[in-house]
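Undergrad: Line by line, the protein sequences are chains R and G.
Residue 0 is where the first sequence starts when you use numbering that gives the first Met the number 0, and the numbers rise one by one after that.
Residue 0 is where the second sequence starts when you use numbering that gives the first Met the number 0, and the numbers rise one by one after that.
Check before you lean on any hint, since a few could be wrong.
Stated by the list, open to error - Listed next, the in silico DSBU-like pairs over lysine-lysine satisfying Cα-Cα at most 30 Å (straight line):
| # | chain 1 | residue 1 | chain 2 | residue 2 |
| --- | --- | --- | --- | --- |
| 1 | G | 195 | R | 210 |
| 2 | R | 129 | G | 269 |
| 3 | R | 103 | G | 108 |
| 4 | R | 93 | G | 237 |
Stated by the list, open to error - Chain R side only, calculated, beta carbon under 8 Å to chain G, not exhaustive:
| # | residue |
| --- | --- |
| 5 | 49 |
| 6 | 82 |
| 7 | 87 |
| 8 | 88 |
| 9 | 90 |
| 10 | 97 |
| 11 | 98 |
| 12 | 102 |
| 13 | 149 |
Claimed, not checked - To list a few chain G residues with every Cβ distance to chain R over 10 Å, as calculated:
| # | residue |
| --- | --- |
| 14 | 14 |
| 15 | 16 |
| 16 | 51 |
| 17 | 108 |
| 18 | 112 |
| 19 | 130 |
| 20 | 137 |
| 21 | 144 |
| 22 | 148 |
| 23 | 165 |
| 24 | 172 |
| 25 | 210 |
| 26 | 237 |
| 27 | 240 |
| 28 | 243 |
| 29 | 293 |
For the record, the hints were derived by calculation from the structure and aren't laboratory data.
C-beta: ideal position from N, C-alpha, C; glycine also.
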Amino acid sequence: MAGLTLRNVGKRYGALSIIQGLNLDIHDGEFLVLVGPSGCGKSTLLRMIAGLEDISEGTVAIGNKIVNDLPASKRELSMVFQSYALYPHMSVAKNLAFGLQNFKMPKAEVDRRVAEAARILQIEKLMDRKPRQLSGGQKQRVAIGRAIVREPKLFLFDEPLSNLDAELRVQMRAELASLYTRLGTTMIYVTHDQVEAMTMASRIVVLRGGKIEQVGTPQELYEKPQNLFVAGFIGSPKINMLKAKVSNNEAVVDGLPAFALPVLGTTDQELTLCIRPGSVRIGSGKVTAGGTIKLVEYLGNETLMHVTLSSGQVLLVSDSGKVSYRIGDSVTIGFDPFDLHYFNAAGQRIEPTENEGRIQ
Amino acid sequence: MWRGSISPLKASFMRRFIARNAPAYAFLTPWLLGFFLLALGPILASLYLSFTRYDMVNAPRWVGLANYEYMFTRDRRFWKALEVTFTYVALAVPARLIMALGVAMLLDKGLRTIGLYRAIFYLPSLLGASIAIAILWRQLFAADGVVNAVLGYFGIQGAAWITNPDTSLYTLVVLAMWQFGSPMLIFLAGLRGIPKDLYEAAEIDGTPKWRQFTRITLPLLAPVIFFNLVLQTIEAFKTFSSAFIISNGTGAPADSLLFYTVYLFNEAFKFFRMGYASALAWVLLIIIAIFTAISFLTSKYWVHYENERD
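Here chain R stands alone, though its shape is the one from the complex:
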């Protein structure tokens, strides 16, 4: 097992810069998820850690050892690919054993590890099959098995669940989480799916344009997003964003009555206020406004309503599944400013220094 230290890591292809000045400490034994939109550099970063891509700038260290010039095979890590990358001409058993045979490991030890991995992943009955005879989920298990048998210091996962259907993805997500609990090995996991990130990670790294937007536990990212990008990226349904003008310590938002702001310690005259759909209520609240229901999405345990305010802005409201509103209904929505996230004109989070007492 090992931690990782990334210092000023950069990646460029000619003039095109993919990753710039990235610093990150990955703790020994944590499940770190790299998440971000397409093209944010998350897969490239993972491949640089794996040794499949050169590191243009900075250093990557596994444990205390800088591995920039170490070939992939010497980094003592395993990787699970999005495509599974199973050898199509080999049986499952041979796929699992192939990597071990490179190290001239005694056959008894190879057999023991293969059997152990097969047992953990419940693929014992598939050992003689070829990959083409396996379902997507089974292939995924074999790919994970091939990573496990190496008993590496570090596991890398490159969007391993994105080729699976929704139901299987949820199941494999749980299995990966329990595998992590069982092995306790450092895992670095790349995904574009924030739900995967939220459900599995010890810590999440949100990347955009080759830069880190925020690093934190799922709870930290959800409750204290450091900037508008993270606020919008993490959380489903998506957070509501309201443009506000500051006037006499009051927030003026189109379609809402003006309400008092807490002490924010900023002189910016334009702020963005964010509120999770679950914090907006139908009917009551310290701040209320009228609106019209534009769309109702019934999800069983919750109902998601898109409410158009008089300004034309649409607010997402999540309510318990028992309400029954129809499209076109006029409703009153309300929220408590205490639940708002405040962002300055540059899109950075500002924390109220005093959160209570100003609203009567």
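Add chain G to chain R, keeping to what the hints say.
TA: Using the frame of chain R, we list chain G on its own:
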């Protein structure tokens, strides 16, 4: 009355069949004419002629199996031609395939100017079919040719490669090796079809390059290797123009370049033993068929098809 003998149902079916398919057959006619007149006709004619004595002046005379009997029991040049041809096939096919695979793997490394290199490397194969290259080859390996001149710079006394019966065949093997273009292109396409992920996974697992080649590249390339092997073997058995030119059409020196096809050509168009030449042609066809059959029969033990159904 034919209508009486065929039921109305069948008659209407045939009418519909003709109505539906007539345009197709109309379009196929030129090809069908060519096939029957220029291919199938002569093939069947040669089968008949192989049982005759025919000098192109007098009418063919039926001799039964006499041509075949003579060939296998008394014709020493026939056996010599087989020896030369088999030796050539055994050397030239592997040499060309190894060369082709080697160059394809170099090109597969992702050179920026790959298109250019592909064209350049394919060039010898385009030229190779031409008589000019065979003539050039004769000049290169002549006693006073370029090869010996180059060897001379290093103080090596080169042999008379082509006129020496011990080395003449090998000059043709080298020529075959040089004409690696078309199998190389097919190998290149095959290599491009192997997912890069597999090599990356192998790399991370610490698989040495040679093991990646033998355990990943070769097995996954097996269908392409098999295709090239069959095609190149057939082609090698049929080698004619280069051997004909370099040996001045005789198979000289000392019959060392007496390729099967050269012998066949001489029997047919030099000595006008058309019946015997036809018999030779049929024996070659059967030899090629046997080799192809062996290839296909053994292929199931070493050729893995990705999309095979079980």
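Undergrad: If we take the beta carbon of residue 51/G, is the closest beta carbon in chain R still more than 10 Å away?
TA: Non-interface label on residue 51/G holds, nearest chain R Cβ at 52 Å vs cutoff 10 Å.
Undergrad: Holds or violated: is the Cβ of residue 210/G farther than 10 Å from all Cβ atoms of chain R?
TA: Incorrect as stated: the minimum Cβ-Cβ distance to chain R is 7 Å, not above 10 Å.
Undergrad: Tell me if the interface restraint on residue 90/R is satisfied: Cβ within less than 8 Å of some Cβ in chain G.
TA: 12 Å, violated
Undergrad: For residue 144/G, is the shortest beta carbon distance to chain R beyond 10 Å?
TA: 47 Å, holds
Undergrad: Please check whether residue 102/R passes as an interface residue: C-beta within 8 Å of a C-beta belonging to chain G.
TA: It holds, given that the least Cβ distance between residue 102/R and chain G is near 7 Å, below 8 Å.
Undergrad: Are residue 103/R and residue 108/G close enough, with their CA atoms no more than 30 Å apart?
TA: 29 Å, holds
Undergrad: Does the no-contact call for residue 172/G survive, Cβ to all of chain R over 10 Å?
TA: 32 Å, holds
Undergrad: For residue 237/G, is the shortest CB-to-CB distance to chain R above 10 Å, so the non-interface label stands?
TA: 33 Å, holds
Undergrad: Taking C-beta pairs only, is residue 130/G more than 10 Å away from all of chain R?
TA: 43 Å, holds
Undergrad: Is the hinted pair residue 93/R and residue 237/G satisfied, with a Cα-Cα distance of at most 30 Å?
TA: 42 Å, violated
Undergrad: For the hint on residue 98/R, does the least C-beta distance to chain G fall short of 8 Å?
TA: For residue 98/R, the interface hint holds, since the closest Cβ of chain G sits about 3 Å away, which is under 8 Å.
Undergrad: Mind checking the CB of residue 82/R against every CB in chain G and telling me if the closest is under 8 Å?
TA: 5 Å, holds
The structure does not agree with the numbered hints 2, 4, 9, 25 stated previously, though it agrees with the rest.
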